[in-house]
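One-letter residues, chain by chain:
Number of protein chains: 4
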Amino acid sequence: MEQIRRNFASDNVSPACPEIMEALVAASSGSVPSYGGDPWTEHLRIKIRTVFENDHAEIFPVTTGTASNAIALSTLCPPWGVIFCDESAHILNDECGAPEFLTGGAKLQPLSSPDGRILPETLQQTLGKRDFSRPHDNVPSALSITQATEWGTVYSIEHIRELTDQARSSGLGVHMDGARFSNALVTLGCSPAEATWKSGVDILSLGATKNGAMAAEVMVVFDPTRAANMGQRLKRSGHVWSKQRYISAQLLAWFDNDLWLRNAGQANAMATRLASGLARIPGVILPWATESNEVFVVLPDLLAQHLEAEGFGFYRWDTPSGLEGVLIRLVCGYDTRTEDVDALLESASTI
Amino acid sequence: MEQIRRNFASDNVSPACPEIMEALVAASSGSVPSYGGDPWTEHLRIKIRTVFENDHAEIFPVTTGTASNAIALSTLCPPWGVIFCDESAHILNDECGAPEFLTGGAKLQPLSSPDGRILPETLQQTLGKRDFSRPHDNVPSALSITQATEWGTVYSIEHIRELTDQARSSGLGVHMDGARFSNALVTLGCSPAEATWKSGVDILSLGATKNGAMAAEVMVVFDPTRAANMGQRLKRSGHVWSKQRYISAQLLAWFDNDLWLRNAGQANAMATRLASGLARIPGVILPWATESNEVFVVLPDLLAQHLEAEGFGFYRWDTPSGLEGVLIRLVCGYDTRTEDVDALLESASTI
Amino acid sequence: MEQIRRNFASDNVSPACPEIMEALVAASSGSVPSYGGDPWTEHLRIKIRTVFENDHAEIFPVTTGTASNAIALSTLCPPWGVIFCDESAHILNDECGAPEFLTGGAKLQPLSSPDGRILPETLQQTLGKRDFSRPHDNVPSALSITQATEWGTVYSIEHIRELTDQARSSGLGVHMDGARFSNALVTLGCSPAEATWKSGVDILSLGATKNGAMAAEVMVVFDPTRAANMGQRLKRSGHVWSKQRYISAQLLAWFDNDLWLRNAGQANAMATRLASGLARIPGVILPWATESNEVFVVLPDLLAQHLEAEGFGFYRWDTPSGLEGVLIRLVCGYDTRTEDVDALLESASTI
Amino acid sequence: MEQIRRNFASDNVSPACPEIMEALVAASSGSVPSYGGDPWTEHLRIKIRTVFENDHAEIFPVTTGTASNAIALSTLCPPWGVIFCDESAHILNDECGAPEFLTGGAKLQPLSSPDGRILPETLQQTLGKRDFSRPHDNVPSALSITQATEWGTVYSIEHIRELTDQARSSGLGVHMDGARFSNALVTLGCSPAEATWKSGVDILSLGATKNGAMAAEVMVVFDPTRAANMGQRLKRSGHVWSKQRYISAQLLAWFDNDLWLRNAGQANAMATRLASGLARIPGVILPWATESNEVFVVLPDLLAQHLEAEGFGFYRWDTPSGLEGVLIRLVCGYDTRTEDVDALLESASTI
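Protein chains in written order, with my numbering: chain A, 1 to 351; chain B, 352 to 702; chain C, 703 to 1053; chain D, 1054 to 1404.
Keep in mind the hints are simulated off the structure, nothing from the lab.
Among the hints, a few may not be true.
Claimed, not checked - Here are some of the chain B residues that sit facing chain C, going by a computed Cβ distance under 10 Å:
1. V383
2. P390
3. G455
4. G456
5. R485
6. P486
7. H487
8. N489
9. R512
10. P575
11. T576
12. A578
13. Y666
14. R667
Claimed, not checked - Cβ pair distances, simulated, as ranges:
15. B:P465 / D:H1109: 36 to 42 Å
16. C:D867 / A:A289: 31 to 37 Å
17. C:R836 / D:P1277: 55 to 61 Å
18. C:R836 / A:G311: 18 to 24 Å
Cβ coordinates follow ideal geometry from the N, Cα and C atoms, glycine included.
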């Protein structure tokens, strides 16, 4: 048996999973048209339309979540637009201004929330508060929802519908940052269609990289009018692969035999196990519900230092106001095993 | 024995070569830091510094040539700058405005040439012609040289030096679009250092994708002052992979045992064989010397149609003025074999 | 005697003052070099260097505050940078994303404050809070201070110094939005130099339009390294006048005989008179001190409606939380007279 | 009588004409709504619709030709588009990349011409030559025609129609750079409507600055669908004046009593006189017909030096290939008088 995996820093510290690598090797044969004219991409289009029960969906495979988010937003928001998002959103805090760059200058307006999920009343208040019709104002254009959220929580279908209804009645397009969409889907137990376009989502930035792929993301555009000029947007930002078969092959393998859901299920289960175990340790607080594959924990600094000294990998975050101790994030991947989690729990219990 | 490969449309219709795929599979093990903190990237840095005999070179791996070219240019040219390039340059004609976008609005000024190689006198005349000091003028900032050129020709070292001397004396930074650099290097028979920084090149956009990789390009920045803020430029354009090991591993395998030169040597040899064979067919003209892995041929339309009907894949180009017939491009890859070339030659001879 | 002026909507509803118009007419003679090579611009440079006691200051006249702010910020902040400003800042709320556009995509990060003046502790906390060294982060680059603020308050010199010290120690450049700088200067009673570069300001966007000019703003760049490429920045955004004499002549007249201070003094005095009078009316609250030429008042909706019905012009704002009634803004200009103010006060008292 | 005016450097070395200055002074009274809500702007809209016989035209006054051109182009061409223009075009050579900046990265493709007028066959050949449907290609989007041209020639109505027909059949929008439109109109002797929208022009960037105004340009948008979001485009680039009455008042005065045509007529007549006189001098060649207010002359270097020594102001240009001597440009303005022209002619004849 392998040694214990102590790296809980992120789901992207893991390698690609074996099924994906096998698919890549299998794709390495024969000469095929480049730039997306290959059979893998064609099969992927059919596969995604089937999985999402939507015959009009257009797909655009890329290799980073940042590209997937920012390019999707650029089709929803003009250079003078406003994108509303949660204050914890990845597009706001972790992409070095990619949405601003790819949209040509749009503004991100953060909304405060208790747990990473935008509250409908906050969105309503923000949209109703100001008169955006002055020439001085950026034009409200898009809502971006992160599912699962940056704090590991998951929006219910009702919650999403409430937000997208508001967005639609204010003329906003709706983007879903689905870097951990598969993790959320497992938690929700609903269909991919229900979790997205049937609940008002126009474009899903669906990520496989954090859940078993080498580097594979795909924009699933449910509103076909948003897909116009996507070819140009992708090319001018350097995101068109000549050998696109190698992105599509990853995604095909990811959907095959529900690998995406199995991988997400494993990561989620490990996160739940980790959260439950940590909650039992005195002095440890979980500020948010563990609903996907990320566990956020406030714990005494000494305990954090102990875990670091024991070789466990994780990042420290800013402690939420009102709590004492340090906030750390522990992320489980498709390849996190029971013994890895138990090793951390055991170590945490011995101090 | 395999069936004949009839696809000469591009070097990117080929799959990744076996050595690269093996390296990817080998890299799929263990948890490593993301975003370039992995050991493969560290080894790649050392490898490239060794190969290019330059201890200060900084490297930035990406996955498309367009990103590699445009981001490199953005460090050499401000938004109000001018980039001089050949009229046939890929950055001018085939990247949907990526250099303009990534630089924030710079202008590309094409220079006419007989064979894809910028003539020193043309550059000199252009730089000397106008007074660029008016506030109305874009500021001359960079020279971009394509090596091997879009027409399959290769600059001699002396030629490059003459151009870079002029560039430097006018305050221009020098970029080399090296999508087919390995093919040129094999032809030149000189060291990678001589072909680049020792001849005045500031940044090389070195491409492996067209020569055996899945998707791997690397900006090699010889002038370290040009590397500042590259992290931000990459991130905000969506070009930072979380699992960067998978780009670096491809490039490591490509350099290992001179795979890059062996692959390029095979492609070049096949192109030479193809060119020689075609030159012997009556009515066929080769407008430019075949010095790398691309063969350009002017031939009667009937012959082109015959080859197409026989299943050979290639693109038609605009016929150079003064010539009759149609111009086609035939590209050989690392995986083109003697029998593939001979099949085309045989077919072309039978009409 | 003229009729009562009832328009308190803004200081830009006023015409240019007579001295400025006379200067424009006087400038309308003779043929002079265009694009800033005229004698008026040369005299303006000397005048501003004298007024600001700074021989190295570079000046760039333009005609809108938005251009002045956004272009100044573009020399302090790269496309991937962060600009810190108050949550009430004009650059954040009223310029339709001009700073984002002119900087090439930078991010504005608003800081909360009680009265439009950034608190040093808030800036400190924000700068200290996060580790901005990750490649995912926009780079903190500039602090923008609005003097006088959007709520009509004025920073003390000590306050400014405390902020600019912090900015400098974090490597931020300092911009001052001086659309109402002359109003603040009259309140402070200090020298222009003390109010700006002697207190750590790198660039002042100095506005004359709201205080008597037709359309005249000037960027005063105290740190000459920030002035490089300003010519290009101005030209490519369409902000270089061919007949620049007509901007410079306005500004020369504005400085002549301290017209700028006299105009500002009149506007401030009228605002003070208005504020004092309103404060005496029951049910009327002034949420912020009236320190320049703007008066913000929370009053009963009925009273606001009464004033509107009486023909007084003003804008309604969002009422600050915790207060009842409606928030209105009353702005006095250089041409507001005692009888105008008294007419409003009388009308407000009769309900 | 005044002294001789020897400055032929440009039409923008002149001051504003008296009628315009009187209108500005007259506009300096009373408090009016800002940002275009003033009566002058409303009257201007009506005036321009009358002059151009088009009830649906939308107008957007600005103060520089660069802003007028580049913002107009940004409504015709997406960031990934191509704008076709003559190789001599101001938008290509004299605006420091403003079109690239304001469009968000579009590409300008210059077309060669003998005299500044794009030849229909050149446009046709360019549009027909390449297949622009590849994802690698910028998308052909706009044609920009300069009327009068940079070389002082004027397109006939038939010529314009031929070009706009081609543009329209290729899906291009049509922009007219009318910095010297009034000069062309006087030469053509047709109606403003015929010279523009009736001949297929979508947006006219109409300039008054070179013909008597202080700083006044107006985009006249004949296709109302192109006017959407113009408010945001103007604001985010800093081109919305708060006291817009002062731009509109200039333009109203310019149209009043056909001042625009009278001014242009004077300038054109002086240019014709100058051209005729120069043509009689041995060794002097006029490479292009003098059809507006600019005279281009190839003359011996000694003669050019003599004129410079005599105090005459003008710019030197690159001599057209095939001609000997130096190329200079002599520009007449609304305020150039017979005695000014004759003084130059006399001086030129005495050498």
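Results for each hint:
1. Taken as an interface hint, B:V383 does not check out: its beta carbon lies about 17 Å from the nearest beta carbon of chain C, beyond 10 Å.
2. Because the closest C-beta pair between B:P390 and chain C is about 19 Å apart, greater than 10 Å, the hint is violated.
3. Look at B:G455: its Cβ gets to within about 5 Å of chain C, closer than 10 Å, so that hint holds up.
4. Of the supplied interface hints, the one on B:G456 holds, with its beta-carbon coming within about 7 Å of a beta-carbon of chain C, less than 10 Å.
5. The criterion of a C-beta within 10 Å of any C-beta in chain C is met by B:R485, whose closest approach is roughly 8 Å, and the hint holds.
6. Below 10 Å, beta-carbon pairs count as interface contacts, and B:P486 has one with chain C at about 4 Å; its hint therefore holds.
7. At about 6 Å, the closest approach between the beta carbon of B:H487 and any beta carbon in chain C falls short of 10 Å, and the interface hint on this residue holds.
8. Interface hint at B:N489: satisfied, since its Cβ lies 8 Å from the closest Cβ of chain C, which is below the 10 Å cut-off.
9. Given hint, B:R512 at the interface with chain C, is violated; its Cβ is 30 Å from that chain's nearest Cβ, farther than 10 Å.
10. Taking 10 Å as the C-beta cut-off, the interface hint given for B:P575 is violated, the closest approach to chain C being about 18 Å.
11. Below 10 Å, beta-carbon pairs count as interface contacts, and B:T576 has none with chain C, the closest being about 15 Å; its hint is therefore violated.
12. The closest approach between the C-beta of B:A578 and any C-beta of chain C is roughly 13 Å, which is over the 10 Å cut-off, so the hint fails.
13. With a least beta-carbon distance of about 36 Å to chain C, the hint placing B:Y666 at the interface is violated under the 10 Å criterion.
14. The beta carbon of B:R667 is not positioned within 10 Å of any beta carbon in chain C (closest approach about 39 Å), and the interface hint is therefore violated.
15. Under the hint 36 to 42 Å, the C-beta atoms of B:P465 and D:H1109, about 52 Å apart, miss the expected range.
16. Taken as a hint, the range 31 to 37 Å is violated for the pair C:D867 and A:A289, whose Cβ atoms sit roughly 43 Å apart.
17. Checked against the given bound of 55 to 61 Å, the beta carbons of C:R836 and D:P1277, roughly 47 Å apart, lie outside it.
18. About 22 Å separates the C-beta atoms of C:R836 and A:G311, a value consistent with the hinted range of 18 to 24 Å.
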